[in-house]
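**Q** So you can see what is in the structure, the chains are spelled out below.
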Amino acid sequence: MKMFNPENVHLPVSGSKKNDGSPWSFQDKVLLGLTPRQYLSQLCRNRVNWLLVLIFGVGIPLIVQRYFYGLAAVTHGSNDYPWGLFLGFGLFGMVPLSASGFLLGTTVTLFGRKDFHPIERLALLNGLLGYFFAVVYLLVDLGMPWRLAYPMFVSLGPAAVLFLVAWHVATYLSVQIAELLPALFEWLNRPAWKHYIAKISLGLTIAGIILSTLHQGALGALFTYAPTKIHPLWLSTDFQWIHFLCSAVFGGLSMVIISSFLISRYASWRCGKEFSSTLHDITLGLGKGASYAVFTYLVIKIVAIAHDNEWEYLLTAWGGYFLLEIAIGVVIPLILFARGVRRGSVTTVRWAAAIAVIGIIWNRLNVAIYCFNYQLYQEVPHWKEVWLTVTLYALYFIVYRFIVYRLPIVFTWNKQSRKP
Amino acid sequence: MVRVKIDLFPLLSLFFIIFPVMPTTAAFAAAVASTVTIDALQELYTPVDFDHLAHAEMYNCTSCHHHTTGTTMQDEKCLKCHKNSPATANVSCSSCHHRRSTALDGAEPHGNYHIDIVGLKGALHLNCLGCHRETGAPCGCIECHDYTEAGRKRFAVQEN
Amino acid sequence: MKTQTSRRTLLKKGLGSAAAAIFLRAKTARSHNIKRYPNSCGVLVDMTRCIGCRSCEAACNAEQKLPSPALPFDDRSLFAQGRHGSKRRTDENHFTVINRYDPPEIDHPLFRKIQCNHCQEPACLSSCFVNAYTKTPEGAVIYNPDVCVGCRTCMIACPFYIPAFRYSSALHPQIVKCQFCYETRLKNNLLPACVEACPQEALLFGKREKLIKIARHRIRNDRDRYVDHIYGEYEAGGTSWLYLSSVEFDQVGFDTTIPHEPILNSVKNFLAMVPMVLTIWPPLFAGFHLLAARRARAEKTRQENNREKADEDV
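Residue numbers (this note's numbering), protein chains in the order written: chain A, -9 to 410; chain B, 34 to 193; chain C, 74 to 387.
To be clear, the hints were calculated from the coordinates, so they are not data collected in a lab. Treat each hint with caution, since some may be false.
[To be verified] Only some residues are given here: those of chain A computed to face chain C with a beta carbon under 7 Å: (1) Ala139; (2) Phe143; (3) Ala160; (4) Thr161; (5) Ser164; (6) Ala168; (7) Pro222; (8) Asp228.
[Unchecked claim] Counterexamples of contact, computed for chain C against chain B with all Cβ distances above 10 Å: (9) Leu183; (10) Asn217; (11) Asn294; (12) Asp328; (13) Glu372; (14) Ala383.
[As the list claims (entries may be wrong)] Which residues of chain B face chain C? A partial, calculated answer using Cβ under 10 Å: (15) Leu77; (16) Lys116; (17) Arg133; (18) Cys164; (19) Lys186; (20) Ala189.
Bear in mind the structure is a predicted one, so any value in this text is a computation, not a measurement. Every residue, glycine too, gets a C-beta built ideally from N, C-alpha and C.
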């Protein structure tokens, strides 16, 4: 965004009115205050967009292929591995990384920690988009996505864990949309509408905690349907839901640490004063929270092994792999988080968060694919499945970027014209 | 109750009823049928031309039949109860092995005996194949009975 | 005033959740205890009798109007096939499959028929979020293709790897599996197609209770022929299809690690927790909020007092 140099002081759009007091038009808001030609030229100059074009160039035909020729055309269509990357990464990986919404909502609205307020909206957006794209992945993976509403309205199977997931994700999506509506209303110059949302914000937050606890746990509980298929080290029928919930806590926090860092680094023009000035302390605060959660997770992982008396598995090859996952995905982030927080080093905390995010995704892929059917052959996803997964993630990135650039997520909306 | 829908064995039953008596060696050749046509499962397979005489010459009657007419039981398991039973009057398979297995009738089994009498199709295949597999005699389906058109179609056999 | 609103919200939420919890518990309790049908039917598979003729596969193919196989059903070369080093399994075009095993301690091969085992408490049924599966009083576990969404959770849940997915279809990609010929035969008092076709009576149809008695009878009468176990009597809570074998079951491809209780039991830990979260979380977190709000207010008042004091001092 090299357009936003000192000569264009009135840019970017960060309030309802221009400097001269006239309101921004809708087109101005969408195009970030640039002319269409300027907007297009900056789009083409951005190398990230070149990469995106490459991804979509291959990915879009693949999506068409999937819907016209069935899942077998883009995946191995394995009856032994019913869930591949779309769910292993898209659902089981995206949802824990989106726990940020309810965590920060709870911290700020419920516990009254106003010092985290500047990042609350980013956390909510991260949550909302994560969930939304988990549903998008689901729409690609489901045999008949047009029947998505069946468990809601047509034929109900209320005793199934997936029923709970479906309802809770759907409800929680609405809750998160409601929580983010104020940002949209500000952007649309309808501040009065915020009033209604503000009234129910406490209720929304509490609903968010309940729904999140249950569906984060439920995603873990889904695997307890396969007690004979998943390697015992990755499946504890008693603790699975707690493992998933607890790892979602540091997963969500880590994801906000990463995304706030990326925004402050690569879209600094967009960051408000409050956001920029507090990010250092907030990152450390989030890191502190994450370190507690990682520690708790490590403890209950060990408790689960003790509870099921699975120590001897640790000496097998699978045990080695398990210890590797714990070492890289849990212990290293734990040490880095602790050191970063104690020494006040934001960089260390960010490294810890990055490794933790990878660790979570790795863990979910292990449970869903790699350690699933551990007594059978190993499924390696089709390259088209991998590419499609990347394509959908690229779409997620674009939507994320589009919203952060425009809505008042990391800056405060200025109702009056800005002072020169 | 469940009913078996197999059109079964009129000729076969007849045969076993007609040739039950083999009391002496002298009467053997006269009493034993040389060839028996078993036309069960006509739907998928052609009838079997069973060389009864050849089998009767190679083996004892008791190799295949539980008992012969006019004698008592030989099988140890049967003897436990049937030691003093009168000589049996009927040697035909179908007189005990009915169209369907006893598992299918509604009656609850009483005691431990006669609760697991296989159906006629099962009895014939178990009997014939049981021996054929041990002695290295032909075991393939179409080595005893060829496919009918319907059988060829069912088993998706490619026409040459 | 603010506190009052919170309290009211709290009360409303609490009541709502309690109601939701009761509703949910009632629903889950209902299907936690899947009704067992004492008179249900099953099939006893005596593997010592099976000769691997694949008549059952051919009959199933004809009955279910499945596409013609690439190789004819009397082609035995197929037994050597199988992907990824595993044996053939059920898929969208094969609802039952015969596999050959050569256990070292016996001199002849054994053949294992796989198809849906029609569990007493089916994992597929309890995992289905659109309630597509039904356990009929006759014993069949059938599904309703009109509501299947294609989420494939039942494939995850089935400990026997039976449900298959029609991956190749763009318009009707859904679950398919053996239905015990429920619609076409069982309902009309006819034998399942595979059972009827079996020349060896290796497949014996009957009441499950009676089949267990017969199986015990066979084991007792011929201890050299059978191992002393009826596979399916207790596995996964009991199945309608039962198996007898002449070698240990794990040598002929059976999973002997399957628990002797319904798969649903391992999910119950989580399901039992759901009503607790629904009822305890709202008051708990609303309480936290009140405490936090009160502390913040106290802090504010204290600061104001201090300031006033300081002003007075000056």
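**Q** If a hint holds in the structure, say so; if it doesn't, say that too.
**A** Hint check:
no. : hint   : verdict
1   : Ala139 : violated, 9 Å
2   : Phe143 : violated, 10 Å
3   : Ala160 : violated, 12 Å
4   : Thr161 : violated, 11 Å
5   : Ser164 : violated, 15 Å
6   : Ala168 : violated, 14 Å
7   : Pro222 : violated, 10 Å
8   : Asp228 : holds, 5 Å
9   : Leu183 : holds, 13 Å
10  : Asn217 : holds, 24 Å
11  : Asn294 : violated, 7 Å
12  : Asp328 : holds, 27 Å
13  : Glu372 : holds, 79 Å
14  : Ala383 : holds, 95 Å
15  : Leu77  : holds, 8 Å
16  : Lys116 : violated, 18 Å
17  : Arg133 : holds, 9 Å
18  : Cys164 : violated, 13 Å
19  : Lys186 : holds, 8 Å
20  : Ala189 : holds, 5 Å
Of the hints listed earlier, those the structure fails to meet are numbers 1, 2, 3, 4, 5, 6, 7, 11, 16, 18, in rising order.
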